[in-house]
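With the hints as extra help, turn the sequences into a complete structure.
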Amino acid sequence: MTDPHAQEDLYALITAPEPQPARHRAAKSWPARAALAAIFLPLAALVFGSFMYAKGSLSLPVLQTGATTPTPPVWTVAPASTAPAAPAVPAPAPTAPPAEPAPAAAPSTPTAPATPTATTTRSATGRPTPGREVQGGPLGKPAPITVGSNSYAFTNLRADGTPVTYDPCRPIHYVTRAANAPAGGDQLIKEAVTAVSRATGLVFVDDGATTEAPAAKRVSYQPDRYGDRWAPLLIAWETHVEEPRFTDPEYGTTVLGLGGSEAISVGDIPFTYVSGQLELNGPALTRMIARDGAAAARGVIEHELAHVVGLGHVNDPTQLMNESATAVTTYAAGDLSGLALLGQGQCTPGL
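Quick note, in my numbering, the sequence shown goes up one by one and the last residue is 351.
The hints are simulated quantities; they were obtained by calculation from the structure and are not laboratory data.
Every residue, glycine too, gets a C-beta built ideally from N, C-alpha and C.
Do not take every clue at face value.
[To be verified] Now the in silico label distances, taken between C-beta atoms and shown as ranges:
#	residue 1	residue 2	range
1	Ala159	Tyr251	44 to 50 Å
2	Val147	Pro249	36 to 42 Å
3	Thr247	Asp224	31 to 37 Å
4	Asp228	Pro144	34 to 40 Å
5	Ala215	Gly148	39 to 45 Å
6	Gly227	Gln346	23 to 29 Å
[Stated by the list, open to error] Listed below are the simulated SDA-like cross-link pairs for lysine to any residue, each with C-alpha atoms no more than 25 Å apart in a straight line:
#	residue 1	residue 2
7	Lys217	Val175
8	Lys141	Arg229
9	Lys141	Gln187
10	Lys217	Pro128
11	Lys217	Arg177
12	Lys141	Pro130
13	Lys217	Thr239
14	Lys217	Gly227
15	Lys141	Val241
16	Lys217	Asp206
17	Lys141	Asp160
18	Lys217	Asp160
19	Lys217	Glu242
20	Lys217	Pro130
21	Lys141	Thr194
22	Lys217	Pro270
23	Lys217	Pro244
24	Lys141	His173
25	Lys141	Val175
26	Lys141	Asp207
27	Lys217	Ala178
28	Lys141	Cys169
29	Lys217	Val241
30	Lys217	Gly126
31	Lys217	Phe154
32	Lys141	Pro283
33	Lys217	Arg132
34	Lys217	Asn180
35	Lys217	Arg127
36	Lys141	Ser151
37	Lys141	Leu341
38	Lys141	Cys347
39	Lys141	Ala340
40	Lys217	Gly267
Right under this line is the structure:
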């Protein structure tokens with residue numbers, strides 16, 4: 001196994017109009033950061049047979065069966081608008097996906113990317129009895145694609161070129177630690193889960209509240225806490241006390257979310273995601289909701305959930321999965337096309 005944070009995604013937010021000289025410095029520093037990433041990311045990918053996801057012009061490596069999991073993309077956000085806050089539209093958490101995809105919003109100019117974080121790997125320490133809740137076929141199917149697009153990318157690929165996915169023949173359970181959440185935070189999570197479920201056909205099950213705290217090396221098999229099964233996806237709201245990068249400045253750059261999933265391969269079973277973790281910056285998202293409305297914050301959660309199920313970044317400002325954030329607040333045509341493919345993975349009863 002590897003650290004679920006090997007999949008983490010950094011989502012940085014310009015929390016208010018930043019002084020122009022500072023913005024220029026940030027833009028100028030990116031080439032140097034990219035050069036360092038180009039040198040060190042491939043080297044780190046050799047550790048324990050794992051690989052790291054490379055952004056920008058770097059290539060996307062391929063997972064070999066029997067190896068361990070990878071690293072993530074980095075996303076920055078454009079300066080926020082001054083539009084008044086809008087309430088979230090209620091939507092129930094699904095047990096099976098709805099039918100229609102959601103429309104995309106108009107794009108805006110992206111900012112310079114932030115720097116990826118380092119990744120560690122570790123060996124497998126145990127796994128549950130195989131086949132829990134596995135059915136004879138996929139539990140759902142992706143919503144119909146009304147507008148096709150190839151503007152999508154996958155976070156990780158298997159050796160045969162197919163994307164690493166969750167098992168569509170069993171539900172994805174998730175738990176939420178509500179401490180530090182903004183008002184209405186639980187509803188935003190339900191709406192974002194509904195959106196990714198609709199787009200992928202994957203069925204999500206809300207297991208309710210948890211007291212589990214996020215961890216840099218969260219273990220995907222925790223029998224003492226969750227029984228003989230893979231640990232559910234953990235969604236937690238945090239402050240800078242737990243995650244130092246989760247600051248809440250009046251202006252400047254901060255990290256809004258860290259998310260990803262752990263993939264494992266046993267024998268000839270292809271790499272498959274089994275559990276994940278999504279951390280949200282409670283204070284900064286509270287500020288975002290007050291300033292830009294609930295849809296903007298929900299877009300953050302949707303973007304991170306797309307990474308959790310295996311969708312990567314694209315260089316396309318009309319997509320929610322654009323490398324740098326724009327005014328898009330929900331999945332667009334390319335996002336939906338990629339998510340639909342991620343929902344059609346292989347059943348893996350042996351895990």
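Inset, instruction - Kindly confirm whether 44 to 50 Å is satisfied by the beta carbon distance between Ala159 and Tyr251. - result: holds (46 Å)
Legend entry - 25 Å Cα cutoff - pair Lys217, Thr239: Roughly 18 Å between the alpha carbons, so the hint for Lys217 and Thr239 holds.
Inset, instruction - Compare the distance between the alpha carbons of Lys217 and Val175 with 25 Å, and conclude whether the hinted pair is satisfied. - result: Judged against 25 Å, a Cα distance of about 18 Å means the pair holds.
Inset, instruction - For the pair we were handed, Lys141 and Asp207, check the Cα-Cα distance against 25 Å. - result: Within the cut-off at roughly 22 Å; holds.
Legend entry - Given hint Pro283 paired with Lys141 - CA-CA distance at most 25 Å: With Cα atoms ~36 Å apart, Lys141 and Pro283 exceed 25 Å; violated.
Legend entry - 25 Å limit on alpha-carbon distance, applied to hinted pair Lys217 and Phe154: holds (23 Å)
Legend entry - Distance restraint between Lys141 and Asp160, which requires alpha-carbon spacing of 25 Å or less: holds (23 Å)
Legend entry - Lys141 paired with Leu341 [C-alpha distance capped at 25 Å]: holds (10 Å)
Inset, instruction - Given the hint that Lys141 pairs with Val241, test it: the Cα-Cα distance must not exceed 25 Å. - result: Not OK: Lys141 and Val241 at ~40 Å, beyond 25 Å, violated.
Inset, instruction - Would you mind confirming whether the straight-line C-alpha gap from Lys217 to Pro128 stays at or under 25 Å? - result: Within the cut-off at roughly 18 Å; holds.
Legend entry - Hinted pair Lys217 and Pro244, Cα distance within 25 Å: Holds. Lys217 to Pro244 sits at ~16 Å (cutoff 25 Å).
Legend entry - Lys217 paired with Gly227 [C-alpha distance capped at 25 Å]: holds (19 Å)
In this structure, the hints that do not hold are numbers 15, 18, 32, in rising order.
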